[in-house]
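J.: Take a look at the letters that make up each chain.
There are 4 protein chains.
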Amino acid sequence: MHTYRTQINLHDTDAAGLLFFSNQFKLIHDAYEALLEKIGFGFGELLKHQPFFLPIVHAESDYKAPLFVGDRITIHVRVASVGTTSFTFAYEIFKDDGTLVGTARTVHVTIDKDTQQKIPLPERMKARIAELYAADNAASAD
Amino acid sequence: MHTYRTQINLHDTDAAGLLFFSNQFKLIHDAYEALLEKIGFGFGELLKHQPFFLPIVHAESDYKAPLFVGDRITIHVRVASVGTTSFTFAYEIFKDDGTLVGTARTVHVTIDKDTQQKIPLPERMKARIAELYAADNAASAD
Amino acid sequence: MHTYRTQINLHDTDAAGLLFFSNQFKLIHDAYEALLEKIGFGFGELLKHQPFFLPIVHAESDYKAPLFVGDRITIHVRVASVGTTSFTFAYEIFKDDGTLVGTARTVHVTIDKDTQQKIPLPERMKARIAELYAADNAASAD
Amino acid sequence: MHTYRTQINLHDTDAAGLLFFSNQFKLIHDAYEALLEKIGFGFGELLKHQPFFLPIVHAESDYKAPLFVGDRITIHVRVASVGTTSFTFAYEIFKDDGTLVGTARTVHVTIDKDTQQKIPLPERMKARIAELYAADNAASAD
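Chains as they are written, first to last, in our numbering: chain W, 88 to 229; chain D, 88 to 229; chain F, 88 to 229; chain P, 88 to 229.
Please note: incorrect hints may appear among the correct ones.
The list treats identical chains as interchangeable, and a pair is accepted whether it falls inside one copy or across any two copies.
[To be verified] Once the Cα atoms are required to be at most 25 Å apart in a straight line, the calculated DSS-like pairs of lysine-lysine come out as:
| no. | residue 1 | residue 2 |
| --- | --- | --- |
| 1 | LYS200 | LYS125 |
| 2 | LYS213 | LYS182 |
| 3 | LYS151 | LYS125 |
| 4 | LYS182 | LYS135 |
Everything labelled a hint here was simulated from the structure, so no lab data went into it. Remember, predicted model here, so these are calculated numbers, not experimental data.
From just these sequences and the hints, can you work out the full model?
T.: Right under this line is the structure:
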């Protein structure tokens, strides 16, 4: 299970006093970027050297408890599914007292940079994501 | 049908060259704020004078086509459902050539500012949202 | 004098209840993008078809009065100076009651996309910016 | 010298491929929040329990080199000056190869939450900021 530590900064909140809902998506994407970098596909590398993009075609979040400025959180990231041209990441956000404060999912597809068409997930990347998927599933089966 | 005109600014995009996915949520929330203001519940008023909040407990977006800096869009907002303590708004985003580029939904609940507990949607607000819902449904029945 | 109308949305504010200071820079950049588009250099065009970038090398803002969610503002944009390889835009932000709530300046340089080196401002763009500068100065001389 | 480690995430960049200029202000504010928390004035505490705000009345940034997604940075924060009702923080941003990529300054004033008027910096906070100032100056005198 990949985890990512961060905290709620002032610019993440709004005048209602809490995390602004769209910023939960920013935070989980930061966690996703960190995981991609760990498996060799950091965004710097992806944007400069890879012939494909991984745009998000669906994203959703649930909000279970408020988050305030200064709150420290841990985001758990796992591969929920991996297909031929797409994969899905799932996220759980915990406060340090163990409260689950939010969940999210992002569905990504592989797009060829030149043709802007959907293509099969390149082998090396598919292999790394499948490894994550297997590891996550083995973990949850324990 | 309430519509909201806006455009993609540079800060809405990211280094992949397109709208960053979480910013679609910011844009649809701008459209939601404009609609609430039109029915007498602008956020200035809500935050200062009303005893309740309307936090989002679920949000989701689909992304159907890329949006680039400078693209002008129209967001159609409608009430998808209204219940005792919650309501759902639905959004469709169109480019000026008529392409549907994205959709979204946000589910809101009513929270008492003092107790932080869920409460029934206050009557005046429920009435205005029910009116929108009726108008939207009548429109789509035509 | 170029003016740009916008308003403070919820995501522009923070838990202190006001506009988060860095978002004043986003708002004035929106006004700058609108002005560039008006003179034929919209960012869509710039990024796709022009051989140069216009990165900001200096930015500053003053904050004279608080801005709250729902506040409508008008941003006045003018060319403060134009040189061989750089130009400066100046901004004044007014509320609808005429209060000056903030000012800002951005200094831009011309960078060749290929060499990443500073280059003289291309002639066509320099001419358009010089026109704006002349118009702004004539206006203030009246 | 207080230092803050962070990195450029995708949402910090724009379609020109680099850090969007206003996000440099977000990053230095994150560093400022971390420092305030270290001296006992985290924003959670400030917003809930202190009778004053510390709004920014002036902010400026210089940009000396581009920052790309994935770049790791260290922000050095120091107190540049402290007066009766205001203080100034100065920031330097370094990449891991030692390059200075940007600098910034923020000027803060103390505002009474009830009256919205400027007040002298409360004693306990003034003392902690003066300590930082002394430590920073001693360090640079070495």
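J.: Would you mind marking each hint as holding or not holding in the structure?
T.: Here is what the structure says about each hint:
Taking the shortest Cα distances, LYS200 and LYS125 sit within 25 Å of each other inside one copy (23 Å), while across copies they are farther apart (30 Å). Taking identical chains as interchangeable, the C-alpha atoms of LYS213 and LYS182 are never at most 25 Å apart, the minima being 32 Å within one chain and 32 Å between chains. For the identical chains of this complex, LYS151 and LYS125 are neighbours neither inside a copy (29 Å) nor across copies (29 Å), given an alpha-carbon limit of 25 Å. In this assembly of identical chains, the alpha carbons of LYS182 and LYS135 lie at most 25 Å apart only when taken from different copies (19 Å versus 35 Å within one copy).
Against the hints set out earlier in the document, violations occur for numbers 2 and 3.
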